[in-house]
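In order, the protein sequences belong to chains A and B.
If you're matching positions, the first sequence starts at 146 in the working numbering and goes up one per residue.
If you're matching positions, the second sequence starts at 1041 in the working numbering and goes up one per residue.
In short, the hints are calculated from the structure, not lab data.
Where hints are given, some of them may not hold.
Stated by the list, open to error - As a list, the in silico BS3-like pairs of lysine-lysine whose alpha-carbon atoms are at most 25 angstroms apart:
| hint | chain 1 | residue 1 | chain 2 | residue 2 |
| --- | --- | --- | --- | --- |
| 1 | A | Lys202 | B | Lys1093 |
| 2 | B | Lys1090 | A | Lys247 |
| 3 | A | Lys247 | A | Lys200 |
| 4 | A | Lys182 | B | Lys1093 |
| 5 | B | Lys1093 | A | Lys247 |
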Amino acid sequence: MDSQELISILNPFISASIEVIQDMAEVSAKRSKIDKKFGSVYSSGVSTVLGLNGKYKGRILLDTTVPTAIALAEKINGEEFKEIDETVLYTIIELNNIISGKAITEINNANKEYEFRLTPPGVFWGEEIKVSSPGWQVFCVELATDVGSFNINLGFEGVEI
Amino acid sequence: MDVNKLTPFIDGLKTLLEQYEVTDIKKGKLEKKPNLNAGSDVNVIIGYQKDMKANVTYSMSFSTAQNIVSAMMGGVPVTEFDENVESGICEFANMVSGYTVTSFFGMKLNLENTPPTLVTGKKLFLMIGRVETVMLEVVTPVGNIEINIGVEQ
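Isolated chain B, as found in the complex (with noise of 0.2 angstroms):
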């Protein structure tokens, strides 16, 4: 997979938390996969088509996307994992995402996404397409967000 087409990903999400003062992001593990598969509690997938096809997974624990929703509150404590973070979470995803689709429309890449699916569970896991796998964590003070990028084109 192309390195270049991970920035994009990496600077929506850095872009988004910056916006909700969420400051010191630090990239974390890089790892790559035979296939793309997740399993924290939290997993936001998105998926993208046009100029590239590609499955992309927003994984986190509880706590991170509660504090996510908290940031995004301007710090409103969070104290539950209930419907309102359910339904930030998704908004923070999709906005993500709108950034990333825009980077790539700055590489000369034309992208669509689809709305944020999101799942949670117990004892989860997701396996999102046979294609070689990038992991990516990104390392912030709200918690660590694990980021997993399956290009098929």
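For reference, chain A alone in the conformation it holds in the complex (with noise of 0.2 angstroms):
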């Protein structure tokens, strides 16, 4: 992969994940910060995992901490939710699965070799949790929104740039 190719992935992850919030919460967010971590990230609280096969092996973990993803469960669900309950867990999983699907959708019709297929997502969260890829590269954006920020990691087995 070179940078042109990240940025052809990166970008409509970025976009999907700023028009999905926007639609499904009435949220808005902007791009923020941009980075590189080796092989480990630390998540915020609550993250959404889902496996990438196709030309790039990989993961997208979307992360927020608990507060923001009570506060856009709320927003979407017109609730009030005092803690992470499932309904909130179900909010944040289908918030995410809509975002990557979108996202790869965009991808692969714009790029044919990519053929990028998405597993199901999963849901995790806790204290001091670790999401390990040893060896991998993980591209990280930090959307700012106005509940709280959102991160994208995208990383990618055997990618260097």
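Join these two chains into a complex; the hints should help.
And the structure:
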């Protein structure tokens, strides 16, 4: 993967995240920071993970703090949540599934050779959670939203940029 | 869920452990869950696609992960859960997954696996999918391993 290919994958994730968060939660978001990490990232609290196959194999990790996850779920469902419960988690899974599906469709339509396919999403939360893919480079984009930051982490097996 | 589809996952784990001279492997608890959740110290997630869409987690304690990596290194003691253990346990899960995919191919099912993602943490709760899940405990001399299998189609 070269840097042009990386941009062609990262940008649809950024735009899909901004659009879907706006459409579903009526919360505005904008790109804040971009960073590159090696191997491991720490979850902010609530993370959704999706596996990726195709020209490149990897994973998508969409991550927020617990208060941001609750705030997004409240905005989407129009009801209050005092803590993380099943409804909040299913809402976050659905939000991130839609973001990832939209981004992957756009990427595949623009670049037929990628043929990316997603696995079903999973969600996890807890304290001091570390997500590791040893030896990988992980590309991290932070979005600033009205209810806190929303992080997009994309990691690919065997990719060095 | 078709019980025959459990066999390649169990056989893959058993075959690989035996390669590293971990024998006397027994089946433990078998449970059905309404969704795929796990919450051990160490959880390796692998997704499967093509003829069967599924998520699988291999969940265990830190000490079991260390013991497996120790066995992979021919018995060299592994006393802490560090980056080498993270790397070793991901490699182990990747190889198990390779065996599993090959076994399914023999059953005329063409599967493709994603690379493993390792999730570790405190008070960790992991929910991978809303589908009915089978949890199978595998009892080994290096510690117990939970295989959670959630098939979407």
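Right, here's what the structure says about each hint:
Restraint check for Lys202 (chain A) and Lys1093 (chain B): satisfied, since their Cα atoms lie roughly 16 angstroms apart, inside the 25 angstroms limit. As the CA atoms of Lys1090 (chain B) and Lys247 (chain A) are separated by approximately 20 angstroms, the hinted pair is consistent with the 25 angstroms bound. Between Lys247 (chain A) and Lys200 (chain A), the direct Cα distance comes to roughly 18 angstroms. Compliance with the 25 angstroms bound is thereby established for this hinted pair. Between Lys182 (chain A) and Lys1093 (chain B) the CA atoms are separated by roughly 30 angstroms; this puts the pair beyond 25 angstroms, and the hint is violated.
The suggested pairing of Lys1093 (chain B) with Lys247 (chain A) holds, with an alpha-carbon distance near 19 angstroms, which does not exceed 25 angstroms.
The structure fails to meet hint 4 from the earlier list, while all remaining hints are met.
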